[in-house]
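Chains P and S supply the protein sequences, listed in that same order.
Heads up, the first sequence is in the working numbering, so the first residue is 16 and it goes up one at a time.
Heads up, the second sequence is in the working numbering, so the first residue is 5 and it goes up one at a time.
Please keep in mind that the hints were generated in silico from the structure rather than gathered at the bench.
Heads up, some of the hints might be wrong.
What the hints assert, rightly or not - SDA-like cross-link-like pairs, simulated, lysine to any residue; straight-line CA separation at most 25 Å:
id	chain 1	residue 1	chain 2	residue 2
1	P	K195	P	Q100
2	P	K29	P	I232
3	S	K269	P	Y82
4	P	K171	S	I102
5	P	K228	S	E272
6	P	K93	P	G81
7	P	K90	S	L15
8	P	K109	P	K130
9	S	K269	P	E22
10	P	K19	P	Y44
11	P	K228	P	F33
12	P	K93	S	Y17
13	P	K109	S	V266
14	S	K177	P	V34
15	P	K90	S	K207
16	P	K93	S	D190
17	S	K207	S	D190
18	P	K109	S	L20
Because the structure is a prediction, the values reported are computed rather than measured.
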Amino acid sequence: MTEKAIEIINLVKKFGNFVAVDNISLTIYSGEIFGLLGPNGSGKTTTLLTIATVYKPTSGDVRVYGYSVVSDGDKVRKMVGIAFQEPKALGIDKPYDLLLWHAKVVGYSGEEARKVVKDVMEDLGLWEHRNKYFYQLSGGTRKKVEIAKVLIQKPKVAIFDEPTAQVDVVSKHYLWDKIKELKEEGSTIIIATNDMFEAERMCERIAIIYKGKVKAIGTIKELKDFVPLGDTIELELASYADQHVLDILSRFGKVRGLGNKVLIYVNRGEEVAIDIIDALRRSGVKIVRIMVKEPSLDDVFFYITGAKLKEEIS
Amino acid sequence: MIYMSSLLKDLRYILLLVQWDLMKIVRRVIFVAMRSTWFVIQVVFFGPVIAQMVNARGIGLDVSSYYNFYLLGIYTSILFTITASRAYDIAEEFEEGIIEYQLSLPMNRKILALGRAIGSGIASTLFTLPMFLTVIILAKEFDLLTIAISIVSALIFSIAISGFVLTTTLSIKSSDATDIIMGVLDAILIRLSTIFYPAVILKNIAPYYYAAIINPLSYLADLLRIFYSFEEFGEIVIVNPEAMASYILGLFIGFTVLAMYVIEKKIEGGGWR
Chain P
16 MTEKAIEIIN LVKKFGNFVA VDNISLTIYS GEIFGLLGPN GSGKTTTLLT
66 IATVYKPTSG DVRVYGYSVV SDGDKVRKMV GIAFQEPKAL GIDKPYDLLL
116 WHAKVVGYSG EEARKVVKDV MEDLGLWEHR NKYFYQLSGG TRKKVEIAKV
166 LIQKPKVAIF DEPTAQVDVV SKHYLWDKIK ELKEEGSTII IATNDMFEAE
216 RMCERIAIIY KGKVKAIGTI KELKDFVPLG DTIELELASY ADQHVLDILS
266 RFGKVRGLGN KVLIYVNRGE EVAIDIIDAL RRSGVKIVRI MVKEPSLDDV
316 FFYITGAKLK EEIS
Chain S
5 MIYMSSLLKD LRYILLLVQW DLMKIVRRVI FVAMRSTWFV IQVVFFGPVI
55 AQMVNARGIG LDVSSYYNFY LLGIYTSILF TITASRAYDI AEEFEEGIIE
105 YQLSLPMNRK ILALGRAIGS GIASTLFTLP MFLTVIILAK EFDLLTIAIS
155 IVSALIFSIA ISGFVLTTTL SIKSSDATDI IMGVLDAILI RLSTIFYPAV
205 ILKNIAPYYY AAIINPLSYL ADLLRIFYSF EEFGEIVIVN PEAMASYILG
255 LFIGFTVLAM YVIEKKIEGG GWR
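Work the whole structure out from these sequences, hints included.
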C-alpha cells in the first residue's frame, strides 16, 4: 500500500464567500478503502466531487495517480467512477436504459454492455425493476441503481458518497460486500459517510472532516487512541473497592468506584490492564473479572467535532 | 493510428450523447403537442387570412406566394422555439443532477458540449419534421435534393441555437433567469426578423430592418424560401443564398465552439438557483 492513488494538496473550494473545503491535504494509497467522516456540510461531498472533476478547486490541487484534476481532467475522469449521494436520474428514466447507456460510455461494446448490466442488476436485485420509471422506485432501489453504475464501471478509483443511506439492513451488508469485492479486484475505494458502523466496518483509514478542515486522520485504532482516556477498564473485585484500592488504581487513570466494581479511564487500555492486574495482585486484591473497552468511533467523532458543535448551538 | 483511435472514441461519445437526447424525447411530448396545435392553427386559419390581408402585389407577390412565404417563416419560428425550449430541459437536468453526472463521465468536456448540442439539435429538428413535411406538401415542392438540403440547413441552425442555449443556461445557473431570458429572446427574435415580413418592406423602418438583417431567424427563413421558390422570393430576401448559408454555418461554428469553450473552462456542478 505504498503507491499514492490520490494526493489532495492544500485544496480550497469556495462557493461565493462560503468556504466548503478549507486547505485540506491528505493522501490515499492505492488499493485501500478510505473513509471521509464528518457531519452534514463538513465538506465531504465537495471534496469527493472535486476528485471526480465535477467541481474545480478554488486553489490547491488533487492528483489522481499523478494526474492533476486542474490540468489533466480527461485523464482523471478515465480513472474515477462516482456513485453520487443523490441518485442522478430523471423521473422518466428506466434503470436498464440508464445503466446500459452508462456501460457504453465507460467503454463496453454493445453485447458486453448488455451482459454486464444484466449481471450487476441481477446481483443487486434490480432486474425486476429494470423497466420501471425512476419515479416509481423506492429510495433504496434508486440508491442501488446509482451504486450499480460504479460496479459496472470498475474504475481504478471508486467513490461512494453515503453508499448505504436509505438502504435496508440486508441490502446494506450486501452492498458492503460488493464494495469490498471491488477493492479485491484492484480499485481504490473512497467512502463518505455519516454512519459510524459503516465507517468502522468498511474503512481501513479514515479522515474526520469538520468545517472543511481535516481534524484527524488514521486507522480506526489510531483514531481511537486519539481520544484522551478513551479506553475503559472495567474491574470486578472479590470484595468492596475501598479507598486503598482506588488509590492504587488512580495511578493508571481516572477512577470511579461502584461497590465491588471499578471503572478506570485510561489511554492504551490493553497495555495498562496488565500493569493493573500486576499492581492489584501485589496488594493482595482478588480480581473476579476484567474487561477492556475501546472508545467507539462515535466517541472519537464526538470528541473531535461534538464538543464544538455544542459550542456552536449554545 | 492513436489519433484515429481517439477520433473514433470521440465520435462514439458524440453518438451516445445524441442517443441520450433521443432517449429523453418523451418528456417533451406535451410541449411539442402544444406547439404543433399552434402550428396547425397558423397554417390552416391565420396563414390564409393574413395572405388575403397583405397587399402582396405591392412587393411583387400574389396571394398564394405570400402564403408560402408565411409558411416557411412559421416553420422557422417553431423550430427556434422548440430548440430554445431545450433551456428548460437543461435546467431540469441540472436540478436533477444529470449535468453533474455527465461532468463526471470519462469523456472530454468539449466532446460533451458538442454531443449535447448535436443531440439537442437533432431532437428538436425531429420534433419539427412533421411540420416541415406539412409545409412542403402545402407549398407543393417535392424535389428530394431540395428537401434534404433544407433539413440539413434546419439541423445546422438548430444545433447552433442549442449551443447558444447550452452555454447561456449553464452559465447563468438559474431557472428564473433562464425563463426570463428565453421568453424575451423568443419574443424579440421572432418579431425582429423576416419571419412575418419581407426584408424589402422592412427597409422602410430602419431599426426594425437592421435588427432583422443580423437576426439568425431571418437567415434560415429566407434561405428556406429561396430553396422552395427562388424565382418568386429572390428579390425580396435579405442577401444571396450563399451568404445566408455562410451566416448559418458561421453561427453553427461560433455557438458550438463557444459551448465547447464554456463547458470545458467554466462549467462545474452545484450552485443551481
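Hints versus structure:
| no. | hint | in the structure |
| --- | --- | --- |
| 1 | P/K195 x P/Q100 | holds, 19 Å |
| 2 | P/K29 x P/I232 | holds, 23 Å |
| 3 | S/K269 x P/Y82 | holds, 18 Å |
| 4 | P/K171 x S/I102 | holds, 23 Å |
| 5 | P/K228 x S/E272 | holds, 22 Å |
| 6 | P/K93 x P/G81 | holds, 13 Å |
| 7 | P/K90 x S/L15 | holds, 18 Å |
| 8 | P/K109 x P/K130 | holds, 17 Å |
| 9 | S/K269 x P/E22 | holds, 23 Å |
| 10 | P/K19 x P/Y44 | holds, 5 Å |
| 11 | P/K228 x P/F33 | holds, 13 Å |
| 12 | P/K93 x S/Y17 | holds, 13 Å |
| 13 | P/K109 x S/V266 | violated, 31 Å |
| 14 | S/K177 x P/V34 | holds, 20 Å |
| 15 | P/K90 x S/K207 | violated, 55 Å |
| 16 | P/K93 x S/D190 | violated, 39 Å |
| 17 | S/K207 x S/D190 | holds, 22 Å |
| 18 | P/K109 x S/L20 | holds, 16 Å |
Violation of the numbered hints given earlier is confined to hints 13, 15 and 16; the remaining hints are satisfied by the structure.
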